[in-house]
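Residue numbers (this note's numbering): 3 to 176.
If you are wondering where the hints come from, they were derived from the structure by calculation, not from laboratory data. Keep in mind that a hint or two might mislead.
Straight-line alpha carbon distances no greater than 25 Å define the calculated DSS-like cross-link-like pairs of lysine-lysine that follow [unchecked claim]:
{"hint": "1", "residue 1": "Lys29", "residue 2": "Lys138"}
{"hint": "2", "residue 1": "Lys142", "residue 2": "Lys172"}
{"hint": "3", "residue 1": "Lys95", "residue 2": "Lys29"}
{"hint": "4", "residue 1": "Lys106", "residue 2": "Lys95"}
{"hint": "5", "residue 1": "Lys106", "residue 2": "Lys160"}
{"hint": "6", "residue 1": "Lys138", "residue 2": "Lys160"}
{"hint": "7", "residue 1": "Lys142", "residue 2": "Lys105"}
{"hint": "8", "residue 1": "Lys74", "residue 2": "Lys105"}
{"hint": "9", "residue 1": "Lys172", "residue 2": "Lys105"}
{"hint": "10", "residue 1": "Lys160", "residue 2": "Lys172"}
{"hint": "11", "residue 1": "Lys138", "residue 2": "Lys172"}
{"hint": "12", "residue 1": "Lys142", "residue 2": "Lys99"}
{"hint": "13", "residue 1": "Lys74", "residue 2": "Lys92"}
{"hint": "14", "residue 1": "Lys142", "residue 2": "Lys29"}
{"hint": "15", "residue 1": "Lys92", "residue 2": "Lys142"}
{"hint": "16", "residue 1": "Lys92", "residue 2": "Lys138"}
{"hint": "17", "residue 1": "Lys95", "residue 2": "Lys142"}
{"hint": "18", "residue 1": "Lys142", "residue 2": "Lys106"}
{"hint": "19", "residue 1": "Lys138", "residue 2": "Lys105"}
{"hint": "20", "residue 1": "Lys106", "residue 2": "Lys92"}
{"hint": "21", "residue 1": "Lys106", "residue 2": "Lys74"}
{"hint": "22", "residue 1": "Lys105", "residue 2": "Lys95"}
{"hint": "23", "residue 1": "Lys172", "residue 2": "Lys74"}
{"hint": "24", "residue 1": "Lys74", "residue 2": "Lys29"}
Here are the simulated distance ranges between beta carbons [to be verified]:
{"hint": "25", "residue 1": "Ala4", "residue 2": "Asn55", "range": "29 to 35 Å"}
{"hint": "26", "residue 1": "Tyr40", "residue 2": "Trp167", "range": "29 to 35 Å"}
{"hint": "27", "residue 1": "Arg45", "residue 2": "Lys92", "range": "16 to 22 Å"}
{"hint": "28", "residue 1": "Asp51", "residue 2": "Tyr19", "range": "27 to 33 Å"}
{"hint": "29", "residue 1": "Ser173", "residue 2": "Tyr48", "range": "32 to 38 Å"}
{"hint": "30", "residue 1": "Lys92", "residue 2": "Leu65", "range": "33 to 39 Å"}
{"hint": "31", "residue 1": "Lys29", "residue 2": "Thr152", "range": "17 to 23 Å"}
{"hint": "32", "residue 1": "Thr18", "residue 2": "Ile141", "range": "19 to 25 Å"}
{"hint": "33", "residue 1": "Tyr40", "residue 2": "Phe157", "range": "17 to 23 Å"}
{"hint": "34", "residue 1": "Asp132", "residue 2": "Gly156", "range": "20 to 26 Å"}
All residues carry an ideal CB built from backbone N, CA and C; glycine is no exception.
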Amino acid sequence: MAGNFTISGPESTGKTYLSMRLATLCKGTWIPEYSRSYLNQLRRSYEPDDLDNIAEGQLEMILRAHELSTGKTLILDTDLLNILVWSELKYGKVSSKIETCYKKQPATHHLLLQADVPWEFDSLRENPFDRAEIFKYFIKTLQFRRLPFTIIEGFGAKRINQCRWTMIQKSKFL
3 MAGNFTISGP ESTGKTYLSM RLATLCKGTW IPEYSRSYLN QLRRSYEPDD LDNIAEGQLE
63 MILRAHELST GKTLILDTDL LNILVWSELK YGKVSSKIET CYKKQPATHH LLLQADVPWE
123 FDSLRENPFD RAEIFKYFIK TLQFRRLPFT IIEGFGAKRI NQCRWTMIQK SKFL
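Sequences and hints are given; from them, build the entire structure.
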């Protein structure tokens, strides 16, 4: 199996855990979410320009992994689409920097996680009450941009198995 798969969706839906688990199971390359390390090092509240920096950092990680992992499955713990949606929802706009970074990332199939798991506190999370609306916004954005995606639902092994089955099916066409 080879191809690029991005775990997308609202916060606190298990993206990091699931992406790490899938990378292990398929012996693929895991690409972490850059915003986490960036925001953890920031000593202030983030601003719109920080999303530009996050987009550049995420793109750099994706391109480096893509170059070094030829023939391997890449599993992304979010990508530029998440940053784009984040910017639209938080600030009502997307900067040209984010849009440019988004257009430079390699094609991927999005595994869109339904917000059907309990929300867990994390100091970086901002939206415990509107995850369903954010999920709908992801669908709208994926459809508008004509990006391939599969909705993933359920808990634990069910969620992992849905992802693995989708990855096997979609990797035939990537």
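Outcome of the hint check:
no.: 1; hint: Lys29 x Lys138; verdict: violated (31 Å)
no.: 2; hint: Lys142 x Lys172; verdict: holds (21 Å)
no.: 3; hint: Lys95 x Lys29; verdict: violated (37 Å)
no.: 4; hint: Lys106 x Lys95; verdict: holds (19 Å)
no.: 5; hint: Lys106 x Lys160; verdict: violated (33 Å)
no.: 6; hint: Lys138 x Lys160; verdict: holds (22 Å)
no.: 7; hint: Lys142 x Lys105; verdict: holds (18 Å)
no.: 8; hint: Lys74 x Lys105; verdict: holds (22 Å)
no.: 9; hint: Lys172 x Lys105; verdict: holds (21 Å)
no.: 10; hint: Lys160 x Lys172; verdict: holds (18 Å)
no.: 11; hint: Lys138 x Lys172; verdict: holds (23 Å)
no.: 12; hint: Lys142 x Lys99; verdict: holds (22 Å)
no.: 13; hint: Lys74 x Lys92; verdict: violated (35 Å)
no.: 14; hint: Lys142 x Lys29; verdict: violated (32 Å)
no.: 15; hint: Lys92 x Lys142; verdict: holds (16 Å)
no.: 16; hint: Lys92 x Lys138; verdict: holds (15 Å)
no.: 17; hint: Lys95 x Lys142; verdict: holds (16 Å)
no.: 18; hint: Lys142 x Lys106; verdict: holds (21 Å)
no.: 19; hint: Lys138 x Lys105; verdict: holds (22 Å)
no.: 20; hint: Lys106 x Lys92; verdict: holds (23 Å)
no.: 21; hint: Lys106 x Lys74; verdict: holds (20 Å)
no.: 22; hint: Lys105 x Lys95; verdict: holds (16 Å)
no.: 23; hint: Lys172 x Lys74; verdict: holds (14 Å)
no.: 24; hint: Lys74 x Lys29; verdict: holds (8 Å)
no.: 25; hint: Ala4 x Asn55: 29 to 35 Å; verdict: holds (31 Å)
no.: 26; hint: Tyr40 x Trp167: 29 to 35 Å; verdict: holds (33 Å)
no.: 27; hint: Arg45 x Lys92: 16 to 22 Å; verdict: holds (20 Å)
no.: 28; hint: Asp51 x Tyr19: 27 to 33 Å; verdict: holds (30 Å)
no.: 29; hint: Ser173 x Tyr48: 32 to 38 Å; verdict: holds (35 Å)
no.: 30; hint: Lys92 x Leu65: 33 to 39 Å; verdict: violated (25 Å)
no.: 31; hint: Lys29 x Thr152: 17 to 23 Å; verdict: holds (21 Å)
no.: 32; hint: Thr18 x Ile141: 19 to 25 Å; verdict: holds (21 Å)
no.: 33; hint: Tyr40 x Phe157: 17 to 23 Å; verdict: violated (30 Å)
no.: 34; hint: Asp132 x Gly156: 20 to 26 Å; verdict: holds (21 Å)
Checked against the numbered hints given earlier, the structure breaks hints 1, 3, 5, 13, 14, 30 and 33 and satisfies all the rest.
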